[in-house]
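Chains as they are written, first to last, in my numbering: chain A, 2 to 333; chain B, 6 to 332.
Keep in mind the hints are simulated off the structure, nothing from the lab. Backbone N, C-alpha and C define an ideal beta-carbon position, used for all residues, glycine too. All the pointers check out, no bait thrown in.
For the chain A half of the interface with chain B, some residues (derived, Cβ under 10 Å), not all of them:
no.: 1; residue: M160
no.: 2; residue: D187
no.: 3; residue: T189
no.: 4; residue: V264
no.: 5; residue: P265
Which chain B residues stay away from chain A? Per the calculated CB distances, all over 12 Å, these:
no.: 6; residue: L23
no.: 7; residue: D300
no.: 8; residue: A303
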Amino acid sequence: MPEPVLEVHDLHVTFRTEGGLVPAVAGIDFSVAKGQTLAIVGESGSGKSVSSAAVMGLLPPNADLKGEVLLDGRELVGLAQDELRKIRGNDIALVFQDALSALNPYYSVGWQVAEAYRLHHHVSKKEAHQRAVRMLDLVGIPSAEQRAKAYPHEFSGGMRQRVVIAMALVNDPKVLIADEPTTALDVTVQAQIMRLLADVQTEFGTALVLISHDLGVVAEVADDVLVMYAGRAAEVGSVRDLFFRAAHPYSLGLLGAMPRVDVPPKRRLATIPGSPPSPGSIETGCAFQPRCAYTERVGERCITERPELTPRPGEGNHEAACHLGRRPEVTL
Amino acid sequence: MSTDELLRLDGVKKYFGLRGSPFRRAVAVKAVDGVDLVVRRGETVGLVGESGSGKSTLARVSTRLLDPTAGRVEIGGQDVTRLRGRRLRPVRRKIQMVFQDPQASLNPRQSVGTILTTPFRAQKIRPTRAQLVELLHQVGLSEEHLERYPHEFSGGQRQRIGIARALAVRPELLVCDEPVSALDVSVQAQVLNLLADLRDELGLSYVLVAHDLAVVRQVSDRIAVMYLGTIVEEGPAAEVYSSPAHPYTRALLSAVPVPEPGAVRDRIVLTGDVPTPIDPPSGCPFRTRCYKAEDVCATTRPVLEPVAGGAHRVACYFPETPLERTS
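Kindly produce the complete structure, drawing on both the sequences and the hints.
In structure tokens, the structure reads:
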């Protein structure tokens, strides 16, 4: 097992709101090694985006963060803002879903990519500009030298996302966190961007944390997967563990609910009844229990006792948090 | 003219004018640029394409929420192209629309009961409470929901309310514009199953507009693939998906990731972006990104022609051969 670049232990994020404390993330662990891809999968309110904001130190002031975030063994939680600023954008970079809001409409894209470089390197503007043009070229922007002078509104959605990726990669980060990087894009453009990210990883050995709800994208690029539900890990494992040996009823439910483009459709899609709970609304037992088809078989325990992650058969670190000991059969 | 045809579009065009200014000359965005399409009773037609392909505009022209710039719209065998206001009302009973974002398409200050009453009132009908409850039951909600407001519901439930509202006047055809794209995967499946159930129970027909090709495959009998305002391929869903004839369709399908690690995909990654609909390419709209384009493609726009004599049609000078298509 290669040495992890980013390690997160027992991460808790609680928001202080007028309605009381809202535990958005209630104890998750994950790690990702050089050149590897970890996908964090979950639906609305699962805490997947909050987790990435926590790792980046980008939580709003009303959020309380507990736990450890280790980058190359160095603790990031509790670091002063100016220390964090040195790391953010340099060692860890973030790519958001919405490229348009991540770019400043008043500056040319070349300037913005160069700015990201100059923040972390003492170089002349000219050198920074040259570096920016090289990055824009690397992410596949045609005639990068010319296009560097253009403004964000002059780019298409896919090209803008390339600019944002260029900006994230300009400092050669060890870890790239991509939060739904292709959700706003058309599928042909999504294919271009995912290929670009894979190329970047091969070339620079970047560790990628991909936050996504699209199981197709996950199956294609992830090495490991963390399935989140209501702020906790429902299941973790290799991508093959998750897709071929899913042990949590929720993971199985997600797989069954997804229509496929490559095979003739089933008569009906498998569904999970109800909808994802709001964070913290289920305090005891398993958060998935109200929607789970297996709870009858297990009984009281699902309501009274929260399941912990326990090992499951698989390729290594396959674990699921479910009282149903054996693998649930596929319900169709 | 068969009454089996719920919707018929003939040479429909919709241009949006961008007014000129001292800095810019007046131009037209050719959102829909000559579309023929027929939807028959009991059928679900999936309209797929990427952003800017004109699929949503076409949906709005079909339901006469927009006036076509040119061409003819027939609903239930009746030419409705030029109908307006009161005379359009009986037509609206036959065709209704479900919108993408239930958050934006439901009035937050109206209770579900009021929301569901609105389509009846537009038809000058006073619904009974039993009728409203019946609607809620059809979409899997219950009587207790009548007095609640949209914010009290989850996204999936709100979309059910949007569907119930569309069903109120007992339409024959529902035009659904991205009905599940705002929903979580687990909830999306519920709504897709609901649409299938309603089709079986009420004999509904659908036009389903969506960018998610897997979603469209799940529920459609027939598929029309749009690119830059035109239909480039059309045919039975099973055939279009298993052996696409247009290079664009083939590239589009190959780009969709499959939820199976290690699945071998013969992916065609298109270069560049969709050209602007203000100034589309001459001839075939796809030729600027096509891996098969030759000189002839720039001359005249190819028309839809049958593939192997069937119901499957493609607008391409160099359609995929059967061997290429099944690879």
